[in-house]
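Peer 1: Residue numbers (our numbering), protein chains in the order written: chain E, 44 to 113; chain D, 65 to 527.
Certain hints may be false.
[As the list claims (entries may be wrong)] Straight-line distance between alpha carbons at most 27 Å, and here's what the computed DSSO-like set of lysine-lysine pairs gives:
(1) LYS485(D) / LYS134(D)
(2) LYS171(D) / LYS287(D)
(3) LYS249(D) / LYS108(E)
(4) LYS485(D) / LYS108(E)
(5) LYS485(D) / LYS52(E)
(6) LYS463(D) / LYS289(D)
(7) LYS171(D) / LYS122(D)
(8) LYS134(D) / LYS171(D)
(9) LYS520(D) / LYS463(D)
[Said to hold, decoys possible] Pulled a few chain E residues facing chain D out of the computed Cβ check, cut under 8 Å:
(10) LEU57
(11) ASN60
(12) ARG62
[What the hints assert, rightly or not] Residues from chain D that keep clear of chain E, each with C-beta distances beyond 10 Å, as calculated:
(13) SER225
(14) ALA293
(15) ARG322
(16) GLU374
(17) ARG393
(18) LEU403
(19) GLN441
(20) ASP455
(21) ILE461
(22) THR468
No wet-lab data here; the hints were simulated from the structure. The beta-carbon is built from N, C-alpha and C at its ideal position, and this holds for glycine as well.
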Amino acid sequence: MKAELRGIKAEGWLCRNCREPLQPMPVNITYMGSSFQVELPRCPTCGYTFIPPDLAYGKMLEVEKLLEDK
Amino acid sequence: MTEPGPALSATESLCPVCLKVLPAEIRRRGEEIILSRVCPEHGPWAEVIWRGEPAFEKWRRPKAAAEGIKRQTSHDRGCPFDCGICPGHAQKSCAVLFEITGRCNLKCPVCFADVNEKKAETAFTPLPALLEQLRWIRRQAGAVVLQLSGGEPTLYPDLPSLVREAAALFPAVQLNTNGLRLAEKPALAHDLAEAGLSWVFLQFDGVSDRVFEIMRGRPLLEKKKDVVAACREAGLSVVLTPTVAAGINDGELGELVRLAISWAPTVRGVHIQPMTSSGRNHLAGAAHRLTLPETLSRLQEQTNGLVKPEQASPPGCEHERCSFHLRYRLTEGGVLAPLPGDKGCGCGPPDEAACSPAETERSLRRSIETVIRSWRQPAIPMAANAQTAPDAFDEFINKASRETFSITAMAFQDVWTVDLKRLQGCCVHVFVPPASLIPFCSFNLTSSDGRPLHRKPNDHARI
């Protein structure tokens, strides 16, 4: 399984609290009892993870809708 | 017999004999909820509409009347005589039935559409005329789920062309079928899949030929299995749709769910329709009536508790007492893990004001989307870009979409159970040429001696 997410770059982003540049790091995502690992921009000091709007309103919303009720 | 308690609510119903509109009351009588009314000419009538748990009083999902409904009739004799969509109707369409032929290759003892020999000789409506009607439905009802129905729609000579045109107009196209033609001619399943059919709603009443012989007049189990195989081969998803009558096939529901699960992801769910006494139904009667909570109880008993009534939710689109839905994720070994149910719309407690019209609209749209996601063939996720390899999210979406499974039920009304408030909240409408949409239960309702309220002898696909 490819861990890298298309089009999501860590370059250019700073952690607001630590002032550290974000780095692409593996992040475990758990939803409905299933876990999978993806690479997302993350602060190496505090672990804060940046979820870009494209991901939040794209695939993450798709997952939520898939598993939501009517 | 236990005396009925005080009225829980007031509504209107019909006299089963003369179809006169009567004031009606809903009352508790022990474990049962009854709908009672008195016709000055034909006497008192009381019919059980709810029996057991979840308790009637707690099963609530009130809705405000939708705004912006396109209506085809004006006020004249009042509900239910003014159908098409009349000024008193409170909900838009989420699904429209398009009866494309009156012909059928079965003569089911329980047919609500009352297909008969005369209809079997009816000429097919030419494709251009059907396409014109399709466009009218799209303009009038909007982006709804289109159900191709009949009669038996697979008898229509150029069904793939019709499906292709329909798929370009509607977000989903469903085929309501007994499946016999697909079993005999698997290439038709391929042609329909290629034309863009979304899923097959397959009449599938039980797991024994005894049930098919009683309900459909013929042993059909092996044919039905062939249909599922043909659809799997063609890449079409299937929803098993049993008509269920107490004392006839309600004892096979659990086994049917297990069979459906064994065929996932081709089979995406089971959609249960408790039998009504409309049309040509020789098995009708109170003894065979199965209410929604009883359907849930049967499922619980027959699946060793895999299905739990408390997991079921009332609908966000149609009237609260017209259906329930359960959505699951299939895990290892065919175990059903319930998906988190929504908590309604967040509007106040049930006894307070209903939702806003805006929330009614949102719920209707969400309901259409959920139905489509639940029943269509799991495919490449919408967010994926075909130009590049799938990432972990794409793979999760694809896997999860294959693992969802639904158990739903819709309780249609007949002349014994009809509640005009429910009718006015209906979102499943039948297209009736030349230009009207009629709530499904109103269209199919017949008096106790078989006199139809709306359906005319040749209401299938008139030109």
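Peer 1: Look at each hint and say if it fits the structure.
Peer 2: So, going through the hints one by one against the coordinates:
With a C-alpha separation of about 19 Å, the suggested pairing of LYS485(D) with LYS134(D) holds against the 27 Å cut-off. A threshold of 27 Å between alpha carbons decides the hint, and for LYS171(D) with LYS287(D) the separation of about 16 Å falls inside it, so the pair holds. For the proposed pair LYS249(D) and LYS108(E), the alpha carbon gap of about 36 Å is over 27 Å, so the pair is violated. Using a Cα cut-off of 27 Å, the hinted pair LYS485(D) and LYS108(E) is violated, with the two alpha carbons roughly 31 Å apart.
Taking the CA atoms of LYS485(D) and LYS52(E), the gap is near 55 Å; set against the 27 Å cutoff, the hint is violated. With a CA separation close to 25 Å, the supplied pair LYS463(D) and LYS289(D) stays within the 27 Å bound. Taking the CA atoms of LYS171(D) and LYS122(D), the gap is about 40 Å. The hint is violated against a cut of 27 Å. As the CA atoms of LYS134(D) and LYS171(D) are separated by approximately 36 Å, the hinted pair breaks the 27 Å bound.
Only pairs whose Cα atoms come within 27 Å are accepted, and LYS520(D) paired with LYS463(D) is rejected, the gap being roughly 47 Å. The closest approach between the C-beta of LEU57(E) and any C-beta of chain D is roughly 25 Å, which is over the 8 Å cut-off, so the hint fails. At its closest, the beta carbon of ASN60(E) sits 27 Å from a beta carbon of chain D; the interface hint therefore is violated under the 8 Å criterion. Annotation: ARG62(E) was flagged as interfacial toward chain D, and the flag is violated, the nearest CB pair being 29 Å apart, outside 8 Å.
Listed as a non-interface residue, SER225(D) keeps its Cβ farther than 10 Å from every Cβ of chain E; the least gap is roughly 32 Å. Distance to chain E confirms ALA293(D) as a non-interface residue, since its nearest Cβ pair spans about 27 Å, more than 10 Å. For ARG322(D), the condition that its CB be more than 10 Å from all CB atoms of chain E holds, with the nearest at approximately 22 Å. The Cβ of GLU374(D) sits about 14 Å from the closest Cβ of chain E, beyond the 10 Å cut-off, so the non-interface label holds.
For ARG393(D), the requirement that its beta carbon stay farther than 10 Å from each beta carbon of chain E is not met, with the minimum near 6 Å. The Cβ of LEU403(D) does not lie farther than 10 Å from every Cβ of chain E; its closest approach is about 5 Å, which violates its non-interface assignment. Even its closest Cβ contact with chain E, about 14 Å, leaves GLN441(D) beyond 10 Å, as expected for a residue assigned away from the interface. Non-interface status of ASP455(D) relative to chain E is broken: a Cβ of that chain comes within 10 Å, the nearest being about 5 Å off.
Taking the minimum C-beta to C-beta distance to chain E, about 6 Å, the non-interface status of ILE461(D) is violated against the 10 Å cut. Against chain E, the non-interface label of THR468(D) is violated: not every CB pair exceeds 10 Å, the least being about 7 Å.
Hint compliance for this structure: hints 3, 4, 5, 7, 8, 9, 10, 11, 12, 17, 18, 20, 21, 22 are broken, all remaining hints hold.
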